[in-house]
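With the sequences and hints as input, model every part of the structure.
In order, the protein sequence lines correspond to chains A and B.
Using the numbering used here, the letters of the first sequence map in sequence onto residues 1 to 304.
Using the numbering used here, the letters of the second sequence map in sequence onto residues 305 to 828.
Please keep in mind that the hints were generated in silico from the structure rather than gathered at the bench.
Just so you know, nobody snuck in bad clues.
Subject to a maximum C-alpha distance of 25 Å in a straight line, what follows is the list of computed DSS-like cross-link-like pairs (lysine-lysine):
id : chain 1 : residue 1 : chain 2 : residue 2
1  : B       : 591       : B       : 711
2  : A       : 27        : B       : 740
3  : B       : 655       : B       : 669
4  : A       : 27        : B       : 757
5  : B       : 432       : B       : 469
6  : B       : 432       : A       : 27
7  : B       : 682       : B       : 667
8  : B       : 784       : B       : 641
9  : A       : 27        : B       : 436
10 : B       : 469       : B       : 495
11 : B       : 395       : B       : 469
12 : B       : 667       : B       : 591
13 : B       : 483       : B       : 495
14 : B       : 743       : B       : 432
15 : A       : 27        : B       : 743
16 : B       : 623       : B       : 806
17 : A       : 27        : B       : 711
18 : B       : 559       : B       : 623
Spelled out, the chains give:
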Amino acid sequence: MSLIVFVSVYAIGDPVEILVSPQATIKEIEQTRVALGLDQPLWWQYLLFLGHALQGDLGRSFIFHQPALSLVFSRFGATLELALSALLLSTMLGIALGLVAALRVGDWVGRTIMAASIAGLSLPTFWVGTLLVMFFGIWLGWLPAIGRGEVATFLGITSSLFTRDGLAHVILPASTLALGNTALIIRLTRSGAVEALQSDYVRFARAKGLSPTRIVGVHVLKSVLIPLTTIVGLEFGGLVAFSVVTETIYAWPGMGKLIVDSIAVLDRPVIVAYLMMVALLFVVINLVVDLLYRALDPRVGPHT
Amino acid sequence: MLSRRDTLLLAAAILAPLPVAAQAARRLRMGVALAPNSIDPHYHNTGQNNSALRHVFDTLCNEMGLEEVEPCLAESWKMLDATTWQFDLRKGVTFTDGTPFTADDVIFTFERVPTVPNSPGLYTPFVKPVVKLQAKDPHTLIMTTAAPYPTLPREVAWVQILSRKIHTGATTDDFNSLKVAIGTGPYKITKYVPGDEVQFVRNDAYWGRKQPWETVQLKAVANDSTRLGALLAGDLDLMFRVGTPDLPRVQNDPKVEVSLSPSLEIVYLFPDSTRDVSPNMTDKAGKPLEKNPLRDVRVRRALSMSIDRQAIVDRVMQKAGAPANQIAAPTMEGFNKSLPPIPYDPVAARKLLAEAGYPDGWKMKINGPVGFIANDDKILQAVGSFFSRVGVETEVESVSPAVYFGKATAREYCVFMTSYTGPVAIGDLKALIVTKDPKTGDGPFNRHLYSNKQLDDLVYQAQATLDPVERVRLTGEAMKVGMDDAALIPLVQTMGSVATRKGVVKYNSVPIGWGWAMLAEPLS
Chain A
1 MSLIVFVSVY AIGDPVEILV SPQATIKEIE QTRVALGLDQ PLWWQYLLFL GHALQGDLGR
61 SFIFHQPALS LVFSRFGATL ELALSALLLS TMLGIALGLV AALRVGDWVG RTIMAASIAG
121 LSLPTFWVGT LLVMFFGIWL GWLPAIGRGE VATFLGITSS LFTRDGLAHV ILPASTLALG
181 NTALIIRLTR SGAVEALQSD YVRFARAKGL SPTRIVGVHV LKSVLIPLTT IVGLEFGGLV
241 AFSVVTETIY AWPGMGKLIV DSIAVLDRPV IVAYLMMVAL LFVVINLVVD LLYRALDPRV
301 GPHT
Chain B
305 MLSRRDTLLL AAAILAPLPV AAQAARRLRM GVALAPNSID PHYHNTGQNN SALRHVFDTL
365 CNEMGLEEVE PCLAESWKML DATTWQFDLR KGVTFTDGTP FTADDVIFTF ERVPTVPNSP
425 GLYTPFVKPV VKLQAKDPHT LIMTTAAPYP TLPREVAWVQ ILSRKIHTGA TTDDFNSLKV
485 AIGTGPYKIT KYVPGDEVQF VRNDAYWGRK QPWETVQLKA VANDSTRLGA LLAGDLDLMF
545 RVGTPDLPRV QNDPKVEVSL SPSLEIVYLF PDSTRDVSPN MTDKAGKPLE KNPLRDVRVR
605 RALSMSIDRQ AIVDRVMQKA GAPANQIAAP TMEGFNKSLP PIPYDPVAAR KLLAEAGYPD
665 GWKMKINGPV GFIANDDKIL QAVGSFFSRV GVETEVESVS PAVYFGKATA REYCVFMTSY
725 TGPVAIGDLK ALIVTKDPKT GDGPFNRHLY SNKQLDDLVY QAQATLDPVE RVRLTGEAMK
785 VGMDDAALIP LVQTMGSVAT RKGVVKYNSV PIGWGWAMLA EPLS
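The following block contains the structure:
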């Protein structure tokens with residue numbers, strides 16, 4: 001993968017052309033090329049990179065002169081907290097609304113929820129984001145329009161979710177990011193629950209006189225959760241990796257904003273470090289999803 | 305275990321509003337498109353770094369983009385002979401850790417500039433003219449240049465001064481971690497998040513005017529509309545660069561004050577007048593042209609005359625610009641005031657094309673960047689349609705700057721558009737149309753390798769002329785030679801825009817476009 005990034009960045013253009021100042025003379029431009037190691041042939045640059053990477057060094061950013069990996073990592077927290085808030089919001093809201101829609105199939109409540117979920121799936125993030133900023137940030141002035149709030153450290157974790165100011169800042173971007181997912185989860189939950197409600201075991205449970213709350217909250221929900229876990233897991237990876245648009249609209253100092261800025265100036269070490277990190281993240285998420293599967297569904301396991 | 309009461313108290317503590325800073329503590333929140341990429345003032349010469357770091361570090365003189373530079377750490381300067389300068393330094397200035405500022409610190413700074421490793425753009429062009437530095441006494445500095453260098457104060461104005469005592473051996477990382485981010489400037493830096501934000505607090509021991517702001521936040525918001533949204537929502541007090549589509553609306557907003565001011569940026573077209581065959585040009589049937597029409601000066605002039613610059617300013621740029629007739633802004637030293645505006649005359653343009661042997665024109669593709677200059681893609685489209693109207697069927701292609709500049713330098717385009725921003729006219733000439741020569745280092749952005757002996761001679765003569773009036777005359781003369789030959793086709797001068805919260809902040813723009821808290825005044 002690093003090879004693909006190397007070759008494609010090389011094919012796109014020359015970072016030096018973008019970096020040099022207008023007052024630079026030819027000599028400075030050459031010096032810059034040498035300083036960044038871009039005067040070497042591509043294959044040699046790549047071998048050098050591989051050699052360093054094996055020692056855990058992904059190189060230094062052309063722009064910030066900081067180790068690329070630690071630069072990406074320093075932005076990871078902000079993105080993670082945005083993605084987690086969005087995930088929490090979308091699963092809670094999505095499952096609740098999805099169950100309601102399943103129980104009220106056919107009447108106006110069910111139909112309204114389903115119509116809203118279609119809108120949620122089809123509205124583009126940048127549009128919803130801008131609209132939310134206009135409405136809550138500018139007209140009503142209730143919530144801050146940009147940036148991340150104050151951070152606090154709690155149990156060794158530094159996050160803006162621990163301060164009131166930070167929470168106020170995260171609401172709009174998290175809602176924007178959660179929108180598509182919420183809609184998806186509503187639809188999945190509803191179809192899963194509708195199917196489960198008609199299954200034999202639910203009918204037996206009803207016949208045995210179990211309370212409706214217990215039937216829906218335990219038996220139906222459990223069977224719905226299995227397919228949901230896969231989707232939510234994959235979507236979580238997506239939230240982290242592709243929060244680019246949301247982070248740009250809200251000037252949220254996360255990885256997405258960093259990668260957009262880095263691509264614009266062809267900051268190759270950062271692009272490579274970011275992609276490797278995201279790849280690793282997807283591997284970890286898939287592992288967690290598989291483990292969760294076992295916990296939720298006893299049929300999945302070494303003995304089957 | 306927490307008791308119920310404890311839990312309630314805890315919840316109340318979390319939900320209670322944080323103590324709001326007393327109103328007396330004035331803070332300024334500025335929104336910029338780009339944040340600095342380092343705190344080391346000699347690491348990367350870019351507009352955003354120079355703007356941001358000057359809050360912390362001072363220079364010998366202040367470059368504002370006007371005809372003269374202003375004193376800063378140097379109170380005055382004079383030429384002792386053609387190659388020797390004396391700078392009288394301000395007394396009683398200290399770095400924020402208490403270290404006094406002396407002439408030796410300037411010497412140290414000039415030694416450090418060329419040695420910063422891994423720099424994507426060194427500050428060496430500004431120290432290179434100086435071959436010897438000498439401290440006559442702690443507050444008198446003698447600089448010697450290899451050749452007469454009348455614009456020396458303008459060059460040293462870009463070099464931010466560090467201290468020998470504090471900064472010996474300091475690396476770029478040491479600055480970025482704020483360990484040695486210590487200067488003599490009006491503010492001290494308290495927080496730096498790469499590519500995102502910088503925070504400053506007032507330096508109460510500053511030698512100059514006491515600053516009205518106690519804290520300053522510089523926040524990068526790349527998207528123009530988001531930045532404006534943040535200002536409207538009250539999350540910013542002032543922001544630079546209002547997006548053109550938003551201009552008419554914001555100008556009518558009662559809560560916001562927008563000010564436009566001419567910048568030093570000139571947008572121009574660079575036609576390939578040097579190769580016999582140039583890419584992207586065909587006859588009307590689609591067969592590549594064997595002869596490059598742009599080699600003929602009549603053709604280049606005809607293309608220039610076919611452009612209605614005023615229309616581009618009025619419609620595409622929403623009046624945030626002005627037609628340009630040369631590669632320099634009117635406020636700059638060396639601007640040729642006697643050059644007439646380039647007329648918009650499609651009839652004469654067609655006649656010139658016919659005279660040059662192209663009565664039916666030809667087909668070509670011209671190129672430009674997207675998002676490098678405000679409205680660059682739309683300006684290029686307008687240019688293309690003006691060319692088409694005089695018979696040169698023009699297709700336009702705009703690509704991301706990341707791709708664009710490499711290709712422009714590789715000469716894959718026959719005509720390309722870009723802009724240049726420089727404080728003096730002679731600098732624009734030396735960067736763009738003086739013969740590209742690795743020996744002199746001049747012509748770094750002369751991408752079509754234009755070369756004109758008469759122009760070169762005038763530029764180098766001007767550069768060595770001590771008398772300012774004569775120097776300006778010679779520079780203007782060189783500009784005229786270049787423009788008469790249509791070596792470049794100037795299009796428009798852009799304007800900088802600043803939006804502030806009305807009644808809260810006033811911003812005093814300077815042509816060079818600094819984004820400084822020092823130029824912002826509280827109104828309430």
